[in-house]
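Q: Residues per chain are reported as follows:
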Amino acid sequence: MDVTPGGAVRHHTLSVLVENRPGVLARVANLFSRRGYNIFSLAVAPTEDERLSRLTIVVDVESSPLEQIVKQLDKLVNVVQITELDPRDSVERELLLATVQADPDTRGQVLELTQIFEGRILAVSHELLTVSLEGHPTKVDDFEQLLRPFGIVELQRTGRVALARLDRDGDSRLRSVSGRAS
Amino acid sequence: MEMNGAQALIKALEMEGVEVMFGLPGGAILPVYDPILDSPIRHILVRHEQGAGHMAEGYAHATGRPGVAMVTSGPGATNIVTPICDAYMDSVPMVVITGQVGTSSIGTDAFQECDTTGITRSITKHNELITRAEDIPRVVREAFHIATTGRPGPVLIDVPKDIVDPKHPHSKLDWYWPSDDEVAAGLPGYHPVTTGDPTAIRRAAELILRSERPVIYAGGGILKARAADALRELAELTGIHVVTTLMARGAFPDDHELCLGMPGMHGNYTAVTAMQRADLLVALGARFDDRVTGKVDAFAPGAKIVHVDVDPAELGKVRRPDVGIAGDCRLVIEELVEALRELAAHGVEAPDRRPWRSTISGWQERFPLSYEPPVEGDALKPQMVLEHLRESVPEDTILCSGVGQHQMWASQYWRFRHPYTWVNSGGLGTMGFSVPAAIGAKVGRPDRMVWAVDGDGCFQMTAQELVTATAERIPVKVAILNNAYLGMVRQWQEMFYDERYSEVYLSPDLPDYVKWAEAMGCVGLRVESPEEIQPAIDKANEIDDRPVVVEFRTDSREKVFPMVAAGQSNDSIQVPPHQADATHRTGEGGR
Chain C
1 MDVTPGGAVR HHTLSVLVEN RPGVLARVAN LFSRRGYNIF SLAVAPTEDE
51 RLSRLTIVVD VESSPLEQIV KQLDKLVNVV QITELDPRDS VERELLLATV
101 QADPDTRGQV LELTQIFEGR ILAVSHELLT VSLEGHPTKV DDFEQLLRPF
151 GIVELQRTGR VALARLDRDG DSRLRSVSGR AS
Chain H
1 MEMNGAQALI KALEMEGVEV MFGLPGGAIL PVYDPILDSP IRHILVRHEQ
51 GAGHMAEGYA HATGRPGVAM VTSGPGATNI VTPICDAYMD SVPMVVITGQ
101 VGTSSIGTDA FQECDTTGIT RSITKHNELI TRAEDIPRVV REAFHIATTG
151 RPGPVLIDVP KDIVDPKHPH SKLDWYWPSD DEVAAGLPGY HPVTTGDPTA
201 IRRAAELILR SERPVIYAGG GILKARAADA LRELAELTGI HVVTTLMARG
251 AFPDDHELCL GMPGMHGNYT AVTAMQRADL LVALGARFDD RVTGKVDAFA
301 PGAKIVHVDV DPAELGKVRR PDVGIAGDCR LVIEELVEAL RELAAHGVEA
351 PDRRPWRSTI SGWQERFPLS YEPPVEGDAL KPQMVLEHLR ESVPEDTILC
401 SGVGQHQMWA SQYWRFRHPY TWVNSGGLGT MGFSVPAAIG AKVGRPDRMV
451 WAVDGDGCFQ MTAQELVTAT AERIPVKVAI LNNAYLGMVR QWQEMFYDER
501 YSEVYLSPDL PDYVKWAEAM GCVGLRVESP EEIQPAIDKA NEIDDRPVVV
551 EFRTDSREKV FPMVAAGQSN DSIQVPPHQA DATHRTGEGG R
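Chains as they are written, first to last, in the working numbering: chain C, 1 to 182; chain H, 1 to 591.
Be a bit skeptical, because a hint or two may be false.
[Said to hold, decoys possible] Here are a few chain H residues that sit away from chain C, every Cβ distance over 12 angstroms (derived from the structure): (1) Glu128; (2) Gly347; (3) Asp447.
[Stated by the list, open to error] Simulated pairs of lysine to aspartate or glutamate, DMTMM-like, Cα-Cα distance not exceeding 20 angstroms: (4) H:Lys317 / C:Glu62; (5) H:Lys304 / H:Asp571; (6) H:Lys317 / C:Glu19; (7) H:Lys295 / H:Asp255; (8) H:Lys11 / H:Asp180; (9) H:Lys317 / C:Glu50.
Simulated from the structure, these hints should not be mistaken for laboratory data.
Every residue, glycine too, gets a C-beta built ideally from N, C-alpha and C.
Chain H with its partners taken away, still in its complex shape (with noise of 0.2 angstroms):
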């Protein structure tokens, strides 16, 4: 069948199995624009092409399946740099079609024109810049092959106007789709790794079974691979405690009793002191991010090294594995559940562990989660408001957020039940992240209530997407924490630059934030006092006509803690000052 290139590349979106896109249109992308006209491909039109990227990221957060995102060229391109490597760093299956300047124009300083691969290169699993009409189809069956196996990522995909312009020579082509074969045979270089190595799994077996203090050190791929069943499953036959990573959140529920939470920079005592004392870490789809390690040479120093992940080049690249399996998280997780199994069978017993679940415990008894209640007349604690609405929404509820003190408070004081409810940036900690990703899970899963919770300052670089919210009926929920600063920086500010305040300051009244939010057709609401926190999110929770703004007036002195100050040992980690006397008793209680 004839058909132009621009039906060509729509067509081939629907036979992928596209539901909807996120974009904006421009010049060098408008024969694209045409044929969406007739497709029950559902677009959402965007104020900026960042809302796209971000939508599209939060779209595949909370579905899975890949997000696509469609701009123009030259400027268009340029601004969803961030999302894409916002996915990039996060692992997250993205599709983005960028336009690009006529093929006989490229290279010449046009019009809009930049190099979108070249920028994107180092920021893309992979991209390509198409040339002919005729290779759209089989471009885009390889863009989202790529983008969705082994260890999920961006794809970009560069489309110059001529080849999909009807009134152009060049977008001529006979359709065709290409079968998995001719696909493969495309990607020579490309054989994502499936199952692991048998002999390493039962070695991971054996490690597991020898160790007395073990923790799972669970990470995003756990999600990413499906695995939160397999991950549960292998816990509660092995007994052994797991903490999730800020990428990992709800991929193991919180009120599970070997869940020990959030590790890292501003993980839990428990988390983080566990780890480092831990003889055994069974890192699945983890990365040893900065975050979660502090100073790397004094991480976990007596713990041996099991590590699982779907990129063999993340097996050594910050700790060298005792054994280092790479496989998808959720294959390799149950073949390691049959080894044990075996193991067990056959008369292997682990060592007795009951010491390590008491040592424990009484680190989560001296040191859970907390903060100082707040004195009367005071502005609102933002881990009280979060403890609010943590119990005013349905469990299975998608929590969204920025980047910032907001993000961690959200992360620690929110009980995640499920996998798939938490979406944020946390690789490249993107400010602005959560008022677009909450809309792209939200039109993912229109089932599901979804709260954004933001900072003042980034609900500031992004806010503009809830007028394409209000625009496209899609019901989001924003609770914005204003402590009226950029309240990280400040936390650093104070704490290592001695109170030394530097172009932090962003005031509490400007802009006003219930009117922008009416003037975007959303609900506006203010709280300023406990008493109006409640009746605000009730009343929030009740609108599901149109999305929701309500701003929380926090107190910009609170800080987030525990801390494990930037290149320090997890072993000095920096517990809430009312807790702090506590330490000093029991430093030597965690041996």
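Chain C on its own, in the form it takes in the complex (with noise of 0.2 angstroms):
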């Protein structure tokens, strides 16, 4: 979770189920083009309805209201469910991918350093090692921290997908702020 300096949170993860149809996902970032909302992530893929697809969208709640975003995605024709995961009530993951400088200095320190983070090697070569680490946003924030002293040379990061949590009754804890649209 980001935290502004004053301690307000900056970044809410809203799970969007769409109809899984030709250009929704550009309906969507129309939106938040056009209405001046900025996107920190976006990740985007089919459900297990195949009529559906499910949109993980990190937005930045400083550029504008939550509710705002909300209400006026819910306007998208194709947009089904919105729900607001509280990331205290949700499992977020993400899969990071990167090619580090590594010579024959620093491979060891690179190396040590995927395995405390329980990263893979993908790809080597004499120079340079192509990692991979999939885990909760903040655990893959510092794994890139850490690594950029060595030399990034390419990163990619999937951005974060996440579901609602668990409950002990099995029932998820969703808090579902889709209204309803018009």
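With the hints as a guide, bring the two chains together.
A: So, in structure tokens, the structure goes:
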């Protein structure tokens, strides 16, 4: 969870179910651009129901109030449900791929760091290593920070994906913020 | 029944009850024009696609039914972008059908190809590129459903040529007509609100009964929800004064004792100031537009807000309501009236509002709308022209306007007595709106007299549609207030740019409006002196077999007052110079 100096939560995670149809991602992206909302990260893929896709959008609520973002999203005809995922009540994951400088002097340190974080080595050359790490976004942040001094040549993060955490009864503790579209 | 996509598209429009459509054919949409020959739907052939869009809007404004326009791909589609955006801003129900290149050519930069759904994505309520002929009936039904329910708006359907071309195997389908359930199932994310939350409605009723200085702020949503009668009942039950925004003119009769007229940048003093001093604003189908609020932080600073809107996103978008109710305006007002009656039955009474009423009538007496009478030999005063016109037409006449000074004068000086008698471009402010919108309104309401009040700048943008009007025998009447300038821009340059007039002069004689009107098959009249005004209007009113254009030569120095300068607080409203002394004397009296 990213926090501003004042202590306010800056990034909120929205889990958005949309119809799995051409152009829907463009509609969502267009809405954010048109209304001046900032997307911090966005991940999209089909769900267990082939008619639906799930978008995990991390929005920067410094740019606009979350309520407006949700209400405007909800007006898109192809948006079926919007859920705000509270970080305390959800599981979040992100994947990082990085190609890092690893000459004979530093190679050992990069390998060690990757081991500590339980990452993997995906490719090796004389001077470079490509590593991957899957985990909570803050863990991925930490790993990226620690890799930087070695020299990151290329980096790709997926943006976070998230689902509501299950409670003891097995009911997910979602806070559905989706109103009714107009 | 097997048919081709073009036949299915036209049949679907017939099933939706479409009686008239406005359009202009071209390559990609050509196959769809063939079955029109066999259809009872009247097609009105425009001279420019923008005209088709504004006609569809005018038709929708006047009738409440969705306007339908059909154009070809590429430039046909881009030419109708302005009306689509206009309809989006003013929540006008409209269905636009655009041709598209064949599905196999999409993305290849084919002749007259453009990304129509991409271009119109942020200015339509919804749009859809149909890729299979079998989807046509469903998509058309969905389009009309979306355009006309919830907050109305434009929906665009993009139709590739191969799925409507009978020579192409892609165009074959078995006709069907989807049921309501099938439409709902096809739109899993679309659930427009209808009734409001009863608890919130009760809280709104309590706020109303506690307020000492309430004002009803009625917006265009009243008209969209067919809620004018409900609004009147609410106002009369509570004795609360009503302001009608530019989009709501006619929603509450101007001659009603509770009507304060138009608020906003060019609203009258009492409407603007009553909102500023109110302790409660009951906003019904209004969206706190910047032209109404002025500087938002300084808008109605002491007022609690009850906000009713069918679009939940409007609640809190600009001003946080104390009670926000998402729902259909008519249903919510009716429920509000019930709640108020119930509270009254339990003995809850409103406080004494006589001081507020007398404050309001004091403002009305001191600051009526007024202009300085013309000096003999000067050009005509535009307000005087409008007063003559107002007194010379049936009271259910539909008045259309373009955008600029003439629009503000028309809204200020007309006396609207009925809903759906005012057709204008509010949100987008589209110059050139009035002539085609008037044509569309007249097509929808042939029983009514339809006048377009236009500026000379506006008229030059879309006048060619009078050719359409003549050819189709649509007898609209146009009053051009010709001040030889882009008048509103001139006014701002005079007031805010040290009278440095940059690129606003248009000339009174070029073009010759009378000859131009006659060349388009209209009757053309010119009025230069006050004694010619009435005879010209009388003559225009007698002509019912062709369009009439009356050019009034008006005073280019005349400015629209009152005025709140852009970005200023509504407290700094400027009344016309001849009233300005009175402002100083009574500046305190408003509190």
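Q: In ascending order, which of the hints set out earlier in this document are inconsistent with the structure?
A: Hints 1, 6, 7, 9 not satisfied by this model.
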